[in-house]
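Residue numbers (the UniProt record's numbering), protein chains in the order written: chain A, 1 to 416; chain B, 1 to 90; chain C, 1 to 977.
In short, the hints are calculated from the structure, not lab data. Hints may be right or wrong, so weigh each one.
[Claimed, not checked] Dumping the calculated DSBU-like pairs for lysine-lysine here, alpha-carbon to alpha-carbon at most 30 Å:
| id | chain 1 | residue 1 | chain 2 | residue 2 |
| --- | --- | --- | --- | --- |
| 1 | A | 229 | A | 266 |
| 2 | A | 7 | A | 29 |
| 3 | A | 52 | C | 125 |
| 4 | A | 97 | C | 125 |
| 5 | C | 125 | C | 278 |
| 6 | C | 376 | A | 266 |
| 7 | A | 97 | A | 29 |
| 8 | B | 78 | C | 278 |
| 9 | A | 266 | C | 278 |
| 10 | C | 376 | A | 7 |
| 11 | C | 469 | C | 125 |
| 12 | A | 229 | A | 29 |
| 13 | A | 7 | C | 162 |
| 14 | C | 49 | A | 266 |
| 15 | A | 266 | C | 469 |
| 16 | A | 7 | C | 864 |
| 17 | C | 278 | C | 376 |
[What the hints assert, rightly or not] Rough simulated footprint, nothing fancy, chain C against chain A, three-plus residues with beta-carbon under 8 Å:
| id | segment |
| --- | --- |
| 18 | 35-49 |
| 19 | 115-129 |
| 20 | 143-154 |
| 21 | 163-169 |
| 22 | 252-264 |
| 23 | 353-361 |
[Unchecked claim] DEER-style ranges, computed between Cβ atoms:
| id | chain 1 | residue 1 | chain 2 | residue 2 | range |
| --- | --- | --- | --- | --- | --- |
| 24 | A | 123 | C | 783 | 32 to 40 Å |
| 25 | C | 873 | A | 224 | 45 to 53 Å |
| 26 | C | 486 | B | 8 | 55 to 63 Å |
Think of the CB as a built atom: it goes at the ideal place given N, C-alpha and C, for glycine as much as any other residue.
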Amino acid sequence: MRYSGLKVITEGLFGNRGWGQVWRNPAPKAEYDAVIIGGGGHGLSTAYYLAKNHGLTNIAVLEKGYLGGGNVGRNTTIVRANYFLPGNSEFYSHSLKLWEGLEADLNYNVMHSQRGLINLFHSDGQRDAFARRGNAMINQGDDAELLDRDGVRALLPYLDFDQTRFPIYGGLLHRRGGTARHDAVAWGYARGADQRGVDLIQNCEVTGIDIEGGVVRGVQTTRGAIRAKKVGMVVAGRSSQVAAMAGLRLPVESHVLQAFVTEGLKPVIDHVISFGMGHFYISQSDKGGLVFGGDLDFYASYAARGNLPMMEHVMEAGMTLMPMIGRARVLRSWGGIMDMTPDGSPIIDRTPIEGLYLDCGWNYGGFKAVPASGWCMAHLMATGQPHEVARRFRLDRFATGHLLDEEGTGSQHNLH
Amino acid sequence: MRLTCPLCGPRDRREFHYLGAEEYLRRPAAEAASAAWDDYLHNRDNPAGETRDLWYHEAGCGQWLLVTRDTVSHDIRKVELVATLKGGAK
Amino acid sequence: MRIAGKGLTDPSVPVGFRFDGRDYVGQAGDTLASALLANGVKLVGRSFKYHRPRGVLTAGSEEPNALVEVLEEGGQRTPNVRATVQELYPGLAARSQNRFPTLGFDLLALNDLAAPLLGAGFYYKTFMWPRHFWEGLYEPLIRRAAGLGSLSRQHDAAAYEKAYAFCDLLVIGAGPAGLVAALEAGRAGADVILADEDARMGGRLLSETLVLEGRPGMEWVTSVLAELESLPNVRLMPRTTVTGAYDHGTYGALERVGLHLAPRPYLPRECFWRIVAKQAILAAGALERPVAFENNDRPGIMLASAVRSYLNRYGVAPGRRVTVFTNNEEARRTARDLMAAGVPVAAIIDARPHASAVEDCPVYTGATVINTRGRKGLSHITVRHGGGEALIETDCLAISGGWNPTLHLTCHRNGRPLWNEALAAFVPAPGAVPGLEPAGAAAGIMSTAACLASGQRAARGALEALGRKPAAIRLPAAEDAPYVIQALWQVPHAPGLWRRAWLDFANDVTVKDVKLAAQENFVSVEHMKRYTTQGMAPDQGKNSNVAALAVLADATGRSVAETGVTTFRPPYTPVSIAAMGAGGRGTGFAPQRFLTSHTASVERGAPMIEAGLWYRAGYFPRPGEADWRTACDREVRMVRERAGVCDVSTLGKIDIQGADAGRFLDFVYANTFSTLPVGRVRYGLMLRDDGHVMDDGTAARLADGHFVMTTTTAAAGQVMRHLDFVQQAFCADWDLRLMSVTEAWAQFAVAGPRARALLASVLDAPPDLPFMGCAPVLVHGVKGRLFRISFSGEEGYEIAVPARYGEALFRDLLARAEVLGGGPYGMEALNVLRIEKGFLTHAELHGRTTAFDLGLGRMISAGKDCIGKAASQRPGLTGPEREQLVGLRPQTEAPLTAGAHLFVPGEEVGRAQDQGYTTSVCYSPTLGSWLALGFLKNGRARQGEVIRVVDHLRAVDVLCEVCDPVFYDREGEKLRA
């Protein structure tokens, strides 16, 4: 069923009885051409592009819980292409271009809002580092503008320019950066994949990966064995556990990242603002809640919940940067489980097991990568070859030293 | 979140700095193969359950601690001083 | 209207307040909600989506409708304040929100007419074309219509606090169970904190006409509170909501310190508590829930428990002719209490077919309310009963769909509650939060007598865990009626485009929406929540979650237990960012570290620039200097030609002692230190475990077993952690001790051709130090240290004295320098001097560079192991593909910028052609040219080549010659002079 404003009106006037299921509830078949483990944003987009770009439709997505139940539904919804290292630049640039056509492609309003992202800087050294980044973005073909203090003030007059502990020197403005409605991204891809014949199988936990002679044969699940020639592991947050079923030990450590939303407020913050000195970033959802977050809790965790020290630190950062938000009340806090890698960049690669592919290690940048991750993972699974824009996301790059360390913090997983 | 430092007693998480998994104590010999260094620096069991990892009592006694704890429940089972571990790494 | 003689408010203390521009009078002890109801104000808000007129639904923090803005003088305001929680104070000014232009006439109520088109998730299906209309038109319209209250956009300048508290037992909630628990534990000698979110302790006993031990319940409450107050080991914390349960007995709690008082300077509005409790009891009671039926959201429709609260606690009759709609026995008390107070009750509608009919008013059993009338205030209800339908005139309908235990905190560590069919409610899972025991209604125990016993039982359990003997308090006799309920979630209504029954009042989610979600296969409870937004409003589903689950269960043919439940997450009630971020405002966000030279520098007009947590002088302006560049150029020339003094105390200093100190440095530095003679200093390069450069600095050997290491300012903490780790993990049995002495010493660079002369004038016996020598010295009789090291390229020294002498020495050095034609220099000049010399800072050591990249590969000693050595030899970290440190000199006089990228002239400018980037630039007054340091692919082999420097952001496009990164005195003759 095609969605449109007209359809909303005609359905609405007939009691909305005509809306069909947004996806089917298929029973798992005994065999598929390819199976994707993980029905999150990346798994669903992988399935969608396998079907759309490569014509593979005899495929299944196996999700142990509900579709979109992982980090795609618990992030701060920021979409941007502001990386500067070759390998990341072209990938996120590609992703942003896919975002820009996503609604038309999916016929689903994911509310991608290019409201502009501003990274503030607070010293000459930080300005130079952001200049390097901004220039890299432009070299890549994306957009960037360097704002001085007055330029920031013109856009964000409510920041505290006078008293803050780290004075605002300026900001890097990325106009095409913004936000999207996170759940809608998962649902839009799920609907698109389902419409192309992909079986989305919920409440189906993979309990084993069948490998014979170094070749993958299929998976064991709580809903029975499923044979498949190709298996993609797209399970950020559980990557180490699923990979362990194939005997792999990954360069991943899992950490909790908290996020917060306030009660609804009339429009007050029109951009995405990132305050590096305080590890604080904020935007306002279309519904009116201020959505914001900070850094990791910094200890390995699968708890999907955090503790007070980081929560308070984030609030303190908010108060030093924009004390006008003091009267807003935090309504809810939650945590996502991040695959932290030793250079802060992801992995989309083959594994030593033939037919077994890996997409993981998104650190805390996975949401904006959803379209390109699926695009490239689908390319890899369909062709056996890495996609051009993801060719540096190799599993062996830590061993070889071909690193993509945007933060420059080294191999300690939680520092990225 | 609180940790019990063997020297200082129960303390708030704010006093501690986290490094990562116990692997960091098993530094390979200088001439070890690159795979050993890859395992030391990068690859992790990353268990959902009991783990042992390294914390530094930075705002306290300056001791590194080996903490046995659960990554799902956050239960803390044991805290030991790295400096007095039997058969230290070197 | 107010009922004389009823309630706990004080009629002798009238309190004037203002709502939507009109003045009213309430009484001391009122909330804004009770005072408005006492004044006959029923319409207090508009709903989120359809802008339906709404009145007060509850009497507590779970209120979904009565959200207002509280106004302050000067234009500051607080949005989304629950009128049901806001205590009245003289001069309180509030206004309604989310309406335009007024509460009575809200244009956005047009949404209600368009309701058939605005069902669950409609926005996912439209607004897609044309693409750019989203940011330009659709989204701004949606944003403006959405949201609730509004922020003032003014800085929140009010006071807030944070505090820690520690106790043996935290009792959360001061109703019957909590009071008994606190008393039992308090008498037993435990250190108890009793926290309650209400201004007044007592819980439901404040709102009911219950009898304890033959006397009004309030008398018992008063006597227990009096005793608790008298116990030195018990702390009572009213107005304190425990908002979150975290790890290891840590709880977050928000105290409303000043919100019930007129604002005044220094009065904190709120205090955010971190309470660490060995044991805790959750005695937070239960929340009554509504029933979904057509038009169940009109002003005047109120929870039955809230009607009793307004009647019994506030002495307010919420209506002139009240009706009661219930599915349980308890809510019938509402009718009895009203009638006893002289308020007419038009009817009781009890959904249970076999319910009794004892009250002195019409009682419809097996009956339901099927619709209501009255746009801005309830006027009639339609009741369907065995004999047909009846239209009843009523201005207040008290509804009860039963009670949900307030178990939220038990879910904060991912515990899942359990479905209890008899209660038709979820109850806490045992052991969900270690050390937190639910008691009373929070545990699903509903009668007063059972709650009292449950509180005592929980306290005894806690006392046992604490190793204390129980106190054996005697419990008062109390009602012990069974909780009789028949689940009723929704009353079906006929189809119709505009016919709706509300589940989530706050987010305007109706039964239809949940059914539509199910129809579209959003059947997971999480999908339903996210698709309909049910439970995502300010009340976080406190009023609607269970009913919505039940409707979903019904629509999908599952039981409630099978359907599952979404997760309650902290905070229990919303917490202001200002409270949880208290102390962060202004400069409070991070510590400020000041140098001993700070005052003297400020006196000289130096701008103090943030350097990490430190403040350092940028430059020292002289009269007539137009800008920083003029001052900087002068200071550079001064150092190059005469003598300059610069405070370098921010560098990390680590004292390393023991027989194995040299061996240790060999291990942590890439190069060798064990061979360094006493009295000498060496430059050291420190690698991270992963082979990249962590930091550089120097180590001086003061004695055979005594080194002092310096680190960069930025990496001081990281290096100290690292050294402690290496020592404790790998060298624990070595003879070695480390200590940070950064703040113990003030250290000043003295550089320039006249540096030696300057130092000679302050030292008692100036040593004749060779380059990279060090020695103990006496500075006017004070023991200090002198190092002959240079970060400027001139003959340079660093002189260190105990920090308490720092300011005196700095002032003395400046005075003497000025006699020699020198003076102080700041960070700007320091930076120019080091760029001219090709010295590195963290602009170059940015975490991605290796010794190889920096041209320092040979510093990694071949003859020994060191941290980072093995990893530095990975193939990706060496070779011509690496970007290597180079110097760049423009072929014109055009300025350069740092962060520009490098390209081969004539080639396209794009990511694929990128050759590198600049890291540090300066105008060199010494060389009369702009200079840059940067990294260029295979740069060392490309010296002499011309490269194009492009900075799109700052419109720089300059051709530069690639050269050695040392621009000035390449042979180091000046250093060694």
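Next item on the list: Any hints from earlier that this structure breaks? Give me their numbers in increasing order, please.
Entry: Hints 1, 2, 5, 7, 9, 10, 11, 13, 15, 16, 17, 18, 23 contradicted; others consistent.
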